[in-house]
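Those protein sequence lines, which keep their order, are chains U and R. Numbers 1 to 199, taken from our numbering, label the letters of the first sequence in order. Numbers 1 to 178, taken from our numbering, label the letters of the second sequence in order.
To be clear, the hints were calculated from the coordinates, so they are not data collected in a lab. Beta carbons: idealized from backbone N, C-alpha and C, even for Gly. Do not rely on the hints blindly, as some may be mistaken.
With a straight-line Cα cutoff of 30 Å, these simulated BS3-like cross-link-like pairs (lysine-lysine) come out [claimed, not checked]: (1) U:Lys172 x U:Lys96; (2) R:Lys144 x U:Lys172; (3) R:Lys145 x R:Lys33; (4) R:Lys33 x R:Lys144; (5) U:Lys2 x R:Lys144.
To spell it out: a stretch of chain R is covered by chain U in this simulated footprint if at least three of its residues, at any positions, have a beta carbon under 8 Å from a beta carbon of chain U; those stretches are [to be verified]: (6) 39-53; (7) 116-128.
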Amino acid sequence: MKFVSAFICLFLGAFLGLGSALGAAGIVGPGMRLGGAVDVRNWTSDWTIGSEAANPWTRARVARHGLLALTKDEAVYFTRAADDDGGRLSEACAYKVSGGRLPAQWWSITLYDSTSFLPSNTDNALSFDLTDAQSAGNAEAWSFTIAPLPVDEPWVSSRAGGAFDLTLRLYKPEAGLIADPETTLTAPRIVRLSCREAN
Amino acid sequence: MRLPVIGLSAFLIGLVAAHAVVLNALPGYIMSKARERMTDSGIPVHQWRMSPRITPETQTVVRPSPDLAYAICVIDVSNGPVTLTVPTWPEYGSLSIFDASTDNVYAGSLDARLPGAPGVRTIIVALEGETGDTAEGSDVVSLKKPEALALIRRLAPSQGLYEAAAALVPVSSCGPAR
């Protein structure tokens with residue numbers, strides 16, 4: 001009887017261990033962040049991404065949500081899922097994203113759905129980058145709008161994005177950014193403009 | 001009294017063991033599934049393959065960048081070292097190697113504008129202890145397990161630049177070292 005009870009407890013523990021590991025990796029839910037975290041105005045990153053120094057939780061979460069990510073010497077990745085007021089980014093709303101010079105050779109901001117894939121639309125407007133900022137006239141003071149329908153200014157489409165997030169990629173980041181991200185990075189702002197009325 | 005102690009201990013042992021085993025196995029599993037998907041889709045081992053221009057319809061891995069042109073080579077060094085030669089690019093670009101555990105074990109710039117850019121980047125990938133003699137100017141990457149992926153990223157936000165990047169794939173190499 002004792003043996004059976006102990007076996008049941010072991011099985012229950014293993015089941016919970018399996019679930020917690022899948023949860024930590026983001027197979028179920030958003031994943032868990034432990035150590036190495038960088039947070040600049042709610043743009044979050046992890047300097048151990050891609051490296052052997054990454055802890056098992058980071059390694060598993062990145063394998064699920066950022067497979068083939070580069071180490072911080074080559075590129076750093078910031079993700080954000082909320083606007084400046086803390087509201088969850090949603091296809092139901094329109095946002096203005098703005099910023100200035102970013103400390104890297106080249107950068108881009110891309111929209112992903114809750115499964116970490118590009119949303120399934122044909123708008124051909126899923127990112128804004130340094131090249132776009134330069135084309136718009138000023139790479140030191142740029143802005144674009146996120147909305148499910150086109151607008152008469154630089155636009156990133158959130159159509160079919162649901163509850164989405166943004167990834168800011170900084171390629172060949174400057175040394176100052178790695179050493180002191182909070183001071184060096186002037187993080188892009190995300191201001192909610194309007195939201196669709198719920199039916 | 002004794003049963004709850006035994007039961008609690010068994011529960012905790014099961015919890016910690018399953019959590020650790022699954023967590024440590026996941027990256028390797030996800031990487032092997034990614035390799036499997038690539039080979040199933042017709043990407044041969046030791047041959048550069050240009051990915052289609054990234055769109056919602058063509059994406060195969062999480063969080064692809066639609067601004068970049070990707071080329072991939074599936075590597076297996078079970079039978080000896082592999083040499084990769086890749087031309088540089090007039091904009092941002094990189095050549096990176098990911099091991100079987102998803103670690104980015106090598107990243108080299110392909111940006112031709114940088115001082116000392118080589119024109120063609122050459123690297124040799126081998127199992128630990130099997131790198132042997134290497135040509136001058138080559139970087140050497142050691143692997144703990146024989147499976148790896150090589151990935152070229154080139155900044156190519158337009159169709160024209162994507163086609164220019166694609167034109168460099170036939171003049172790149174990924175194969176057994178001679």
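query = Counting residues of the segment 39-53 of chain R that have a beta-carbon nearer than 8 Å to any beta-carbon of chain U, does the count reach 3?
reply = Answer violated; 0 residues pass the 8 Å Cβ test.
request  = Mind taking a look at whether chain U covers the segment 116-128 of chain R? Criterion is 3 or more residues with CB to CB distance under 8 Å.
outcome  = Violated, because only 0 residues of the segment 116-128 of chain R bring their Cβ atoms closer than 8 Å to Cβ atoms of chain U.
query = Straight-line Cα separation of lysine 33 of chain R and lysine 144 of chain R no greater than 30 Å?
reply = holds (19 Å)
inquiry  = Holds or violated: lysine 144 of chain R and lysine 172 of chain U, Cα atoms, limit 30 Å.
reply    = holds (27 Å)
task = Starting from lysine 145 of chain R, check that the Cα of lysine 33 of chain R is at most 30 Å away, please.
result = holds (16 Å)
inquiry  = Between the alpha carbons of lysine 172 of chain U and lysine 96 of chain U, is the straight-line distance 30 Å or under?
reply    = holds (26 Å)
inquiry  = Hint check: lysine 2 of chain U vs lysine 144 of chain R, CA-CA at most 30 Å. Holds or violated?
reply    = Roughly 44 Å between the alpha carbons, so the hint for lysine 2 of chain U and lysine 144 of chain R is violated.
The structure shown violates the earlier hints numbered 5, 6 and 7.
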